[in-house]
Amino acid sequence: MPEQGQRQVQVTRATPIGAVPLADSIHEDTTAKWFLLSSVTYFFIVGIIALTIAAKFVWPQLLGSVAYLTYGRLRPLHVNGMLFGWLLPADLGLAYYVVPRLCGVKLWSEKLGIATAVLWNVIVLGAVYALPAGYNKGWEYAELPLPLVALVVVAWVMFGINIFATVATRKYEQMYVSLWYTLATILWTTFVYPTGNVAVLFTTGTNQANLNWMYVHNAVGLIFTPIGLAMAYYFIPKASNTPLYSHKLSMIGFWSLAFVYVWTGAHHMIHGPISQWLQTIAIAFSVMLLIPVWTVVYNFFATMKGQWHQLRDNIPLKFLMSGVVFYLLTCFQGPMHSLRSVNAIVSKTDWIPGHAHMALLGCFSFFAISGTYYVVPRMFKTKLHSDALANWTFWFFMIGGLGFFVTLWLGGFWQGWQWNNPSIPFIDTVKALKPVWTVRFFSGVLMFLGIATFLFNILATVVNSGQQTARTAPAVTA
Amino acid sequence: MLGNTDKSAIGFVIAALVFFFIGGLLTTVVPPLVDKSWSKPFENEDPSKGPTGKLRQYTELELKGRAIYVKEGCWYCHTQQTRTLLADTKRSGWKGVDSPISTPDEFVYDSPHMFGTKRTGPDLSRVGGKYDRQWHRTHFRNPRDLTPGSVMPPFPWIANDDEQFNALVAYIQTLGRAKNWRPDNDYEK
Ligand code: HEM
Numbered sequence: 000m001p002e003q004g005q006r007q008v009q010v011t012r013a014t015p016i017g018a019v020p021l022a023d024s025i026h027e028d029t030t031a032k033w034f035l036l037s038s039v040t041y042f043f044i045v046g047i048i049a050l051t052i053a054a055k056f057v058w059p060q061l062l063g064s065v066a067y068l069t070y071g072r073l074r075p076l077h078v079n080g081m082l083f084g085w086l087l088p089a090d091l092g093l094a095y096y097v098v099p100r101l102c103g104v105k106l107w108s109e110k111l112g113i114a115t116a117v118l119w120n121v122i123v124l125g126a127v128y129a130l131p132a133g134y135n136k137g138w139e140y141a142e143l144p145l146p147l148v149a150l151v152v153v154a155w156v157m158f159g160i161n162i163f164a165t166v167a168t169r170k171y172e173q174m175y176v177s178l179w180y181t182l183a184t185i186l187w188t189t190f191v192y193p194t195g196n197v198a199v200l201f202t203t204g205t206n207q208a209n210l211n212w213m214y215v216h217n218a219v220g221l222i223f224t225p226i227g228l229a230m231a232y233y234f235i236p237k238a239s240n241t242p243l244y245s246h247k248l249s250m251i252g253f254w255s256l257a258f259v260y261v262w263t264g265a266h267h268m269i270h271g272p273i274s275q276w277l278q279t280i281a282i283a284f285s286v287m288l289l290i291p292v293w294t295v296v297y298n299f300f301a302t303m304k305g306q307w308h309q310l311r312d313n314i315p316l317k318f319l320m321s322g323v324v325f326y327l328l329t330c331f332q333g334p335m336h337s338l339r340s341v342n343a344i345v346s347k348t349d350w351i352p353g354h355a356h357m358a359l360l361g362c363f364s365f366f367a368i369s370g371t372y373y374v375v376p377r378m379f380k381t382k383l384h385s386d387a388l389a390n391w392t393f394w395f396f397m398i399g400g401l402g403f404f405v406t407l408w409l410g411g412f413w414q415g416w417q418w419n420n421p422s423i424p425f426i427d428t429v430k431a432l433k434p435v436w437t438v439r440f441f442s443g444v445l446m447f448l449g450i451a452t453f454l455f456n457i458l459a460t461v462v463n464s465g466q467q468t469a470r471t472a473p474a475v476t477a
Numbered sequence: 000m001l002g003n004t005d006k007s008a009i010g011f012v013i014a015a016l017v018f019f020f021i022g023g024l025l026t027t028v029v030p031p032l033v034d035k036s037w038s039k040p041f042e043n044e045d046p047s048k049g050p051t052g053k054l055r056q057y058t059e060l061e062l063k064g065r066a067i068y069v070k071e072g073c074w075y076c077h078t079q080q081t082r083t084l085l086a087d088t089k090r091s092g093w094k095g096v097d098s099p100i101s102t103p104d105e106f107v108y109d110s111p112h113m114f115g116t117k118r119t120g121p122d123l124s125r126v127g128g129k130y131d132r133q134w135h136r137t138h139f140r141n142p143r144d145l146t147p148g149s150v151m152p153p154f155p156w157i158a159n160d161d162e163q164f165n166a167l168v169a170y171i172q173t174l175g176r177a178k179n180w181r182p183d184n185d186y187e188k
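These protein sequences, in sequence, are chains A and B.
For what it's worth, numbering that gives the first Met the number 0 labels the leading residue of the first sequence as 0, then goes sequentially.
For what it's worth, numbering that gives the first Met the number 0 labels the leading residue of the second sequence as 0, then goes sequentially.
Because the hints were derived from the structure by calculation, they are not lab data.
Computed from a predicted model, the values in this text were never measured in an experiment.
Any given hint could turn out to be false.
Here are the computed distance ranges between Cβ atoms for each label pair [said to hold, decoys possible]:
hint: 1; chain 1: B; residue 1: I13; chain 2: A; residue 2: L289; range: 51 to 59 Å
hint: 2; chain 1: A; residue 1: V153; chain 2: B; residue 2: Y57; range: 40 to 48 Å
hint: 3; chain 1: A; residue 1: A167; chain 2: B; residue 2: S36; range: 24 to 32 Å
hint: 4; chain 1: B; residue 1: S36; chain 2: A; residue 2: R311; range: 32 to 40 Å
hint: 5; chain 1: B; residue 1: E59; chain 2: A; residue 2: F455; range: 48 to 56 Å
hint: 6; chain 1: A; residue 1: F331; chain 2: B; residue 2: E187; range: 45 to 53 Å
hint: 7; chain 1: A; residue 1: L150; chain 2: B; residue 2: W156; range: 38 to 46 Å
hint: 8; chain 1: B; residue 1: N43; chain 2: A; residue 2: K433; range: 17 to 25 Å
In silico BS3-like cross-links for lysine-lysine, where the CA-CA straight-line distance does not exceed 27 Å [unchecked claim]:
hint: 9; chain 1: B; residue 1: K39; chain 2: A; residue 2: K136
hint: 10; chain 1: B; residue 1: K63; chain 2: A; residue 2: K136
hint: 11; chain 1: A; residue 1: K380; chain 2: A; residue 2: K110
hint: 12; chain 1: B; residue 1: K35; chain 2: B; residue 2: K70
hint: 13; chain 1: B; residue 1: K94; chain 2: A; residue 2: K430
Partial pick of chain B residues on the chain A-facing surface, computed with a CB cut under 7 Å [to be verified]:
hint: 14; residue: N3
hint: 15; residue: K6
hint: 16; residue: G10
hint: 17; residue: G23
hint: 18; residue: T27
hint: 19; residue: E71
hint: 20; residue: Y75
hint: 21; residue: Q80
hint: 22; residue: A86
hint: 23; residue: K89
hint: 24; residue: H112
hint: 25; residue: F114
hint: 26; residue: A158
hint: 27; residue: N159
For glycine and all other residues, C-beta sits at the position ideal for the given N, C-alpha and C.
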């Protein structure tokens, strides 16, 4: 395949800004707007829950006499709220923006899209009621009660139809990487989500746990990873105004991810009551994950070659490239923890939330924040309310995030080390972590300020655009 | 084959699903067929093969207690698995007796499974019989009264409601008891 020719395609495809100034006006973007605005709002609301559960580690009596505010009910609200209230709908909103542009056509049905957004909001509000009330199915990431699960499936099919139909009517024959990742997310999720939420109902014990881990792992690996990478593949070239380094490399990254990821679920049960040979398979494939990760990351870094100076004041790019670094680190940790010797120390400790937040917050939420900052002014045909504030958002997230990840790794490692010495009473290992949890809480406060500035900046941009359109013609910004 | 999947959406869909199903089926559907111990309840009468005992179905009361354990999210802080690590067998054990390692056949009647992923609190796979009712009552009212420095939340609405409390304690006392692992049968009630 002639690499040069491929790159030529990308220049026009991924950067139509100057080339086709009017192209953007065919897009209505109502669906994307609804998805993004509601997800940013939930980000803020769920951020309050996040702080509350972090605070409960420092002050365990806090809100302790109120059943529906107990830790065991707010934690699933935090996890589901962040995953299905903020991150996933933000990525869906961005997909509704990106896919039509990569296909050169309008979204297949804006009406269907709006209906999907409304349904999604019903689901999130349902979860906000159900989880504190104690309706919890009992599987991690799959806590939502069955009626809400059924609605998620319906919403997913509506999303899938809209995107596939848009791709089917596309003007450009060749599909850019972001499209494959988006389409693949739709396909895989259709099987992964029901495995974790419905198939588990027909099994028990270890067999059920195995399905549950297949789901949990692939919720991250085959839902949030591909849709997140789809966005990174679109926004890195866009925000830096540079063509993607290599189309071929992106194909290698994609197909190796598609093959390797699904095998690794059992690495959550290493040393646990599950067959040794299955653990070994999961470990082997976890190590192989380095292949897709390093190809993807290399492609992004190579794209940035000669462009790094842009990081100084290009805010979407700051989020994107820090996200890429966090992706590299997370996916280096993952294969390492799956090794039996390392796993014996870090598994079940506070290291794991440190790892999980670097992936879902440090990497994929950074991509989604960046995308939102990039598209909202464009969709509303105005300028971002404040670049300086957006820069604050970045630093709040960055410093808060690092404080969160690094202290939990150190603390978690230390905790695991102590657990492996049974002469230390368990409660002493709890007390030892108290300073770590205090730092985590205050890092959480910083990140919450990041969320708050983000929400304010986005809402102010939207409000400004409303006042502006009355007076001036839309400003075309690049 | 894969070279053209960026042009043909149909080819792409087929390839993406085939890749997914190879790994997906081999790691979820096949293992329980190969490894029968995942579905055969624990039973052992021969002391030379390790602890004796038999896994039984939960009673109605225990199931009610289990539902509370699920509902209150105890499983976000407690695991139920003694792993194949020396330290785990020491920590899940008590009064000088080490815990046997957890095996899949001990969990055949568990749904939702409660293996857990995080040990903010200690592992509970062998906690059945470790403490008596009075201890649990005090502990649920305020864990710090018994264990200063604990970060376990108080559960006054359980401690003060006999129906819920009895059910939950009945469930806790079953944990790890399929294997009769205490030589002196010194379980608390
Ligand atoms: C204000 C920022 C945040 C704070 C203070 C925070 C705090 C916490 C805490 C205290 C836990 C429980 C950890 C444990 O069980 O020991 C947790 C779990 C979790 N959070 Fe967050 N969080 C924040 C943001 C986020 C975001 C943005 C996401 C995803 C988009 C996220 C996803 C998760 C997930 C998936 C878990 C479960 C981790 C696991 O399975 O081990 N969090 N968080």
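Structure-based check of each hint:
Here the CB-CB span from I13 (chain B) to L289 (chain A) is close to 27 Å, at odds with the stated 51 to 59 Å. About 34 Å separates the C-beta atoms of V153 (chain A) and Y57 (chain B), a value inconsistent with the hinted range of 40 to 48 Å. Against the hinted window of 24 to 32 Å, the Cβ-Cβ separation of A167 (chain A) and S36 (chain B) comes to about 48 Å, which falls outside the hint. In this structure, S36 (chain B) and R311 (chain A) break the distance hint of 32 to 40 Å, their C-beta atoms being roughly 59 Å apart.
Under the hint 48 to 56 Å, the C-beta atoms of E59 (chain B) and F455 (chain A), about 53 Å apart, fit the expected range. The given range of 45 to 53 Å is respected by F331 (chain A) and E187 (chain B), whose C-beta atoms sit roughly 46 Å from each other. For L150 (chain A) and W156 (chain B), the hinted distance range of 38 to 46 Å is not satisfied, since their beta carbons lie about 30 Å from each other. Judged by the Cβ atoms, the range 17 to 25 Å given for N43 (chain B) and K433 (chain A) is violated: they are separated by roughly 43 Å.
For the proposed pair K39 (chain B) and K136 (chain A), the alpha carbon gap of about 24 Å is at most 27 Å, so the pair holds. Of the pairs offered as hints, the one joining K63 (chain B) and K136 (chain A) holds, with about 14 Å between alpha carbons and a cut-off of 27 Å not exceeded. Of the pairs offered as hints, the one joining K380 (chain A) and K110 (chain A) holds, with about 21 Å between alpha carbons and a cut-off of 27 Å not exceeded. A hinted pair counts as satisfied when its Cα atoms are at most 27 Å apart, and K35 (chain B) with K70 (chain B) does not qualify at roughly 31 Å.
Proximity of K94 (chain B) to K430 (chain A) is assessed by CA-CA distance (about 23 Å); at most 27 Å being required, the pair is judged to hold. A distance limit of 7 Å between C-beta atoms decides the matter here; for N3 (chain B) the minimum to chain A is near 10 Å, and the interface restraint is violated. Interface restraint check: K6 (chain B) against chain A, minimum CB-CB distance 6 Å, threshold 7 Å, status holds. Here the hint on G10 (chain B) is broken, as its CB sits about 11 Å from the closest CB of chain A, past 7 Å.
A cut of 7 Å between beta carbons decides the hint on G23 (chain B): the least distance to chain A is about 5 Å, and the hint holds. Hint on T27 (chain B) holds. Least Cβ distance to chain A is approximately 5 Å, under the 7 Å limit. Of the supplied interface hints, the one on E71 (chain B) holds, with its beta-carbon coming within about 5 Å of a beta-carbon of chain A, less than 7 Å. Interface restraint check for Y75 (chain B): the shortest CB-CB distance to chain A comes to about 5 Å, inside 7 Å, so the restraint holds.
Hint status for Q80 (chain B): holds, given a least beta-carbon distance of 5 Å to chain A, under 7 Å. For the restraint placing A86 (chain B) at the interface with chain A, the shortest Cβ-Cβ distance is roughly 5 Å, inside the 7 Å limit, so the hint holds. A cut of 7 Å between beta carbons decides the hint on K89 (chain B): the least distance to chain A is about 4 Å, and the hint holds. For the restraint placing H112 (chain B) at the interface with chain A, the shortest Cβ-Cβ distance is roughly 5 Å, inside the 7 Å limit, so the hint holds.
At a threshold of 7 Å, the smallest CB-CB gap from F114 (chain B) to chain A is about 5 Å, leaving the interface hint in force. Hint on A158 (chain B) is violated. Least Cβ distance to chain A is approximately 11 Å, over the 7 Å limit. Annotation: N159 (chain B) was flagged as interfacial toward chain A, and the flag is violated, the nearest CB pair being 10 Å apart, outside 7 Å.
When each numbered hint is compared with the structure, violations occur for hints 1, 2, 3, 4, 7, 8, 12, 14, 16, 26, 27.
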